[in-house]
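Trainee: Sequence:
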Amino acid sequence: MPVTLRINGEERSVDGPLSVGQLLASLGLDPAKIAVELNLEIVPRSNHARVTVQEGDRLEIVHFIGGGNAPLDTRSPNKPLVIAGRNFTSRLIVGTGKYKTYAENAAAVEEAGAEIVTVAVRRVNLTDPGAPRLVDFIDPKKVTYLPNTAGCFTGKDAVRTLRLAREAGGWTLVKLEVLGSQKTLYPDMIETLRATELLIRDGFQVMVYCNDDPLMAKRLESLGAAAIMPLAAPIGSGLGVQNAINIRMIVEQAEVPVIVDAGVGTASDAAVAMELGCDAVLMNTAIAEAKNPLLMARAMRHAVEAGRLAFLAGRMAKKYYADPSSPLGGLI
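Going by our numbering, the first residue of the sequence shown is number 41, and it counts up by one from there.
It is worth saying that the hints were derived from the structure and are not from the lab.
Cβ atoms here follow ideal geometry from the backbone N, Cα and C, with glycine treated the same way.
A couple of the hints might just be wrong.
Unchecked claim - Computed spacing ranges between beta-carbons, pair by pair:
1) ASN251 - GLY210: 41 to 49 Å
2) ARG90 - LEU279: 26 to 34 Å
3) THR44 - ILE82: 16 to 24 Å
4) PRO120 - LYS73: 41 to 49 Å
5) HIS342 - ASN251: 25 to 33 Å
6) TYR360 - PRO172: 56 to 64 Å
7) LEU67 - ARG241: 25 to 33 Å
8) ALA362 - ILE74: 30 to 38 Å
9) ALA357 - ASP176: 38 to 46 Å
10) ALA357 - LYS181: 13 to 21 Å
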């Protein structure tokens, strides 16, 4: 029977039940060269064969490396985006609202190169059951559907909505947003924390829309959020990143993906978010309400890729005075 474990911060599914020793063997690790911590308790090598891992267990497997600061593995431009153990090549996530037609939406997804699309859960139109549906244009077998709780103002409604989504399509990777105000659409963080805890306990892998507070972001991560999704600016505002310092703080402390969600208006906004070190950007209105949505989708794709490369390259230091590019020695 499959067992889901969190090993070194990443979720893995393994065939269980199995002992710590059997788990190490399946991972190709030599017990003599590593140490294992299970749920904050060290497992001595002598007990590897006797201690069994269970559903939801958290393991840290460590070894010795050379001292000093090793280069970050995030410096590889080809390293995939990993969310809840799933690998994605594209770092641009797009929504499916506000488009004129489903066909235009599907074309925008293709231009963006997106592998994940957010989808709302709404009641079936019983008066016209044959009306076109999103799945007729964007195949959930080819693009990952990310059910979200857009429009929910209580944790109870959000949890109910996502349970229905799981029943409808079997999805467990979901996006949670619990809004606190119709005018600002800012998240209600108290309700968000409660709903996150309930959903994780119910077996969901939860990507969480939140404010740009580094303390709240860390709290969500400690609850087990699969990704942290701080807003750049109010939903649909197009104002771009308003608090770069906080976003950067969230990125620096996070051990799960950080995805800027809401407020991006144009390609430069997406690039800024990626240059801050975010793992991905989610947007809807910026593409759907552009005068040419398909062209904007393509622009956003390039902006996210350029911003990622700029972050990996490491920008030059800012200076207060000029610094000539050409050497002054040998000047005529």
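Trainee: Next step is simple, just say for each hint if it's right about the structure.
Mentor: Going down the list of hints, with the structure as the test:
The hinted range of 41 to 49 Å is not satisfied by ASN251 and GLY210, whose Cβ atoms lie roughly 31 Å apart. A hinted range of 26 to 34 Å is violated for the C-beta pair ARG90 and LEU279, which are about 57 Å apart. In this structure the hint that THR44 and ILE82 lie 16 to 24 Å apart at CB holds, the actual value being about 22 Å. Between PRO120 and LYS73 the CB atoms are about 27 Å apart, so this pair departs from the stated range of 41 to 49 Å.
Between HIS342 and ASN251 the Cβ separation comes to about 29 Å, which falls inside the hinted range of 25 to 33 Å. Look at TYR360 against PRO172: about 58 Å separates their beta carbons, and that is inside 56 to 64 Å. The supplied range of 25 to 33 Å is met by LEU67 and ARG241, whose beta-carbon atoms lie about 27 Å from each other. Hint check: ALA362 to ILE74, Cβ distance near 52 Å, so the stated range 30 to 38 Å is violated.
Look at ALA357 against ASP176: about 52 Å separates their beta carbons, and that is not inside 38 to 46 Å. In this structure, ALA357 and LYS181 break the distance hint of 13 to 21 Å, their C-beta atoms being roughly 47 Å apart.
Consistency with the previously given hints fails for numbers 1, 2, 4, 8, 9, 10, ordered from lowest to highest.
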